[in-house]
Amino acid sequence: MPREGILVDRPYERLTREQVELIHQVSMQILTDPGLISFNREAVDILHGHGAAVESIAGDHQSWQVKIPEQLVLKALDNAPRTVKLGARNPDNTLIMHGDEPRVYFITGSETNIWLDVHFPTYVNKADPTREIRIPEFKPRRGTVDDLCQSAHICEHLEMVDGYIRTVNIQDRDITGDNKDVNKFFASLNNNTKHFMSGLTSLKQLDNVVRMAELIVGGKKALEENPIISFITCLVKSPLQFVDDTTATFIEVCRRGLPVAVSSSPQAGTTAPIKEAGIMAQINAEVLAGITLGQLVKPGTPVLYGSVPVRARMDTLGDSYGSVETSQYNIDCVQMARFYGIPNYSTSGVCDSKIPGQQSSIERLFSDIVVAMSGPQYLHCAFGLLDCNSVFCLLQAVLDDAHFKMIKFFLRQPRIDQPEMEAALKQMRAVVTTPQKLYISYIRPVLRSGEISGIYPFEGSGETDDVFEIAYEQMKDLLARPVEHIDRKITARIFEEIPGLLPRLNVYERGS
Amino acid sequence: MSKDIIAIIRENVIQGRKTQDDIGIDDSLAGTPGVVELTQQALERNISPQGIITEGLTAGMQVVGEKFSTKEYFIPDMLASAEAVGAAMDILKPVLESANVETKGKFAIATVKGDIHDIGKNIVAILLKGAGYEVHDLGTDVPTEQVVEFVREEKPGYLGLSALLTTTMIEMGVVIKALEENKLRSSVKVLVGGAAVSEEFAQEIGADAYCIDAFAAIKVLEGY
Ligand code: B12
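As they're listed, the protein sequences go chains A and B. When you line the first sequence up against the numbering used here, it's residues 204 to 715, in that order. When you line the second sequence up against the numbering used here, it's residues 3 to 226, in that order.
There could be a bad hint or two in this list.
Claimed, not checked - Below are the DSS-like pairs computed for lysine-lysine, each with C-alpha atoms no more than 25 Å apart in a straight line: (1) B/73 / B/108; (2) A/407 / A/383; (3) A/288 / A/478; (4) A/424 / A/342; (5) B/115 / A/608; (6) A/383 / A/440; (7) B/73 / A/679; (8) B/69 / B/115; (9) A/611 / A/278; (10) A/640 / B/115; (11) A/640 / B/108; (12) A/679 / A/692.
Hints listed in this document are in silico derivations from the structure and should not be mistaken for laboratory results.
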């Protein structure tokens, strides 16, 4: 049984059919004029081999202008699977995504450099020293592999997390460019039984991480049937450039037939036009270019239409995920992916705020609600992420989970039908004859059925706002709950066969 | 045997099952007799009403109260149990009267003149009845003269007044004055409540107690 996610009954759409078609047409024009600049030779050869016009560009870095004809794109769209399955160590955590079905799965990520610790020092009122309050303080530091284990552990227990994208970049002294991939894959897979998606630091490690996954599920064939890992590649850098190394990684992932999200992250104002029409036509062209390349490498490769569009902020020209346009672009992308029938990887919940608090709550909830309503299949909804993807805070992830439960409840389908109405009429006719005229006695049968939503789970008592403290207690409870690690025998084989794993990650050999 | 049926009554109070048609908190007792049927059966077997009340009804309500304070139970659960107890008390009342047993007392309750809010007042009435008081609900928008008349004729030990509007809460003071003028004030304890009312206001108008909710009322009454 796959995970349930949330099936959005009537997804919210911003674009008319004409607007969707216009974006598509203009994207096709973009792909031939100006086309894409490719810094990757192999991509050029593959596209050229299938009829794309290619021209070498003079300059320091070797690059080519590639013009991708429409029929190549349309054929690729035909070959791309409409249904993508993402497997999981625990098969009950499998995700099944149909491009035409707006069923939303909530996913963590992206990879942040900074980990935010929280503690609660006590402050004394200067005017009245008998009065004390505890206020949360947040301390940033560089992320470690231990942090990644903790984050994977918590996310295993957060009910609304459907799949796991690593949340923190591991920067321990003993982590190098060569051993980073194997350690981040192992730390995540060993502490979480949900689907795991990741980018790759070094292409050289691709076969090692694939081998690790094969060992876990029981071989190559088993991994094909239950792809417990998938990849995310931002092979097109905006505007319209195939990056050399990520494109190489993408091609290799496609060759192995593993699921991959083709994502593009243009920034309106800097790397894409500032207005909606422009960024939409460009991001769509960029994603289609990636999908086309992938389907030429191996027809039928499971791909996700990945969109991480964002608007630039005017004070710094950095990303502004908190801007409302960012949500608009994302919703538009969901609609484009649905137009093509390909499952969509979308983005919400990333905020500009640097710490948990009012700003972060408002920014993230705003986009979480509206983007979820549009029905993306794979919603990278930034559990715990702050400061535009640079900071991860476990406490925030716990809060996010509760808020997603509210969104899930909100998106339930209305139950208005004949039997419901008959029951209601019966109640009314009975209640009006009683002296008190209250329906309270009819509450009980639904009180514990899950049919009515609960009160805010972090509501404090009295006049103080205790949200963070209550969430912190819950976070500690979740960390104290065990997770199902990879078993002893397989762990031993993984440590034998896969080079570069840190011995301290082997839970069976820690000597405790 | 008599012990068994009292234990079953207590269990049904905890489950909030007034009659055999009620499901209860879970369906473990579904289809079996509820508090009303069991109370009748107990009387038929000549079990003492006091035993039914203290070991069955009150003991059950005690557990319900505990479950409420630990947040296992919600107000609708509490009300269901209170209604079950209230219905049992209606059955026991004539028996207690003929045996000259004292009840916890008569509690008259009204929403004052000009005010039609009654949700809170009704909840208080149900819970007090469930706590063993003989509750007389005079309704909403009740004229002062009617309240005074009821106190004179029926001699309740307690009078509860509810008001939710700042414009109608002054009517509570009017009622208390009228009771004084009719030399009835000392015969009855006056409890006031409702969103507009406060502790200070209650003192100002000479009420005996302000109650923030029905549970406060039960506490106050136990203190008398
Ligand atoms: C529901 C409601 C209504 C409903 C009432 C339905 C009904 N069957 O009662 C309707 C829609 C009819 C209504 C009408 C009006 N309402 Co109105 N209403 C409310 C509301 C939202 C909730 C009241 C309620 O039921 N609470 C839930 C119950 C469980 O709580 P409770 O009543 O406080 O009771 C608890 C305790 O207070 C205590 N308690 C109460 N009474 C007693 C008595 C005793 C003896 C004891 C021991 C304890 C006790 O125990 C109860 C249980 O815990 C309040 C807002 C509020 N915050 O209170 C406004 C409110 C009371 N209403 C208000 C107003 C203005 C009106 C109207 C005048 C509006 C209009 N312009 O028409 C009319 C009044 C008409 C009239 N003549 O009375 C204002 C009053 C403002 C003010 N100046 O005082 C309020 C505060 C809303 C607001 N902020 O504007 N209202």
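We went through each hint and held it up to the structure:
1. A distance of roughly 30 Å separates the Cα atoms of residue 73 of chain B and residue 108 of chain B; the hinted pair therefore is violated under the 25 Å criterion.
2. Between residue 407 of chain A and residue 383 of chain A the CA atoms are separated by roughly 11 Å; this keeps the pair inside 25 Å, and the hint holds.
3. For the proposed pair residue 288 of chain A and residue 478 of chain A, the alpha carbon gap of about 35 Å is over 25 Å, so the pair is violated.
4. Taken as a hint, the residue 424 of chain A and residue 342 of chain A pair is broken in the structure, with Cα atoms around 45 Å apart against an allowance of 25 Å.
5. Using a Cα cut-off of 25 Å, the hinted pair residue 115 of chain B and residue 608 of chain A is violated, with the two alpha carbons roughly 45 Å apart.
6. Among the hinted pairs, residue 383 of chain A with residue 440 of chain A is consistent with the structure: their alpha-carbon atoms are about 23 Å apart, no more than 25 Å.
7. Proximity of residue 73 of chain B to residue 679 of chain A is assessed by CA-CA distance (about 22 Å); at most 25 Å being required, the pair is judged to hold.
8. Between the alpha carbons of residue 69 of chain B and residue 115 of chain B the distance comes to roughly 37 Å, so the proposed pair goes past 25 Å and is violated.
9. Restraint check for residue 611 of chain A and residue 278 of chain A: the C-alpha separation of about 36 Å exceeds 25 Å, so the hint is violated.
10. Proximity of residue 640 of chain A to residue 115 of chain B is assessed by CA-CA distance (about 20 Å); at most 25 Å being required, the pair is judged to hold.
11. Of the supplied pair hints, the one linking residue 640 of chain A and residue 108 of chain B holds, its CA atoms being roughly 23 Å apart against a limit of 25 Å.
12. Of the supplied pair hints, the one linking residue 679 of chain A and residue 692 of chain A is violated, its CA atoms being roughly 30 Å apart against a limit of 25 Å.
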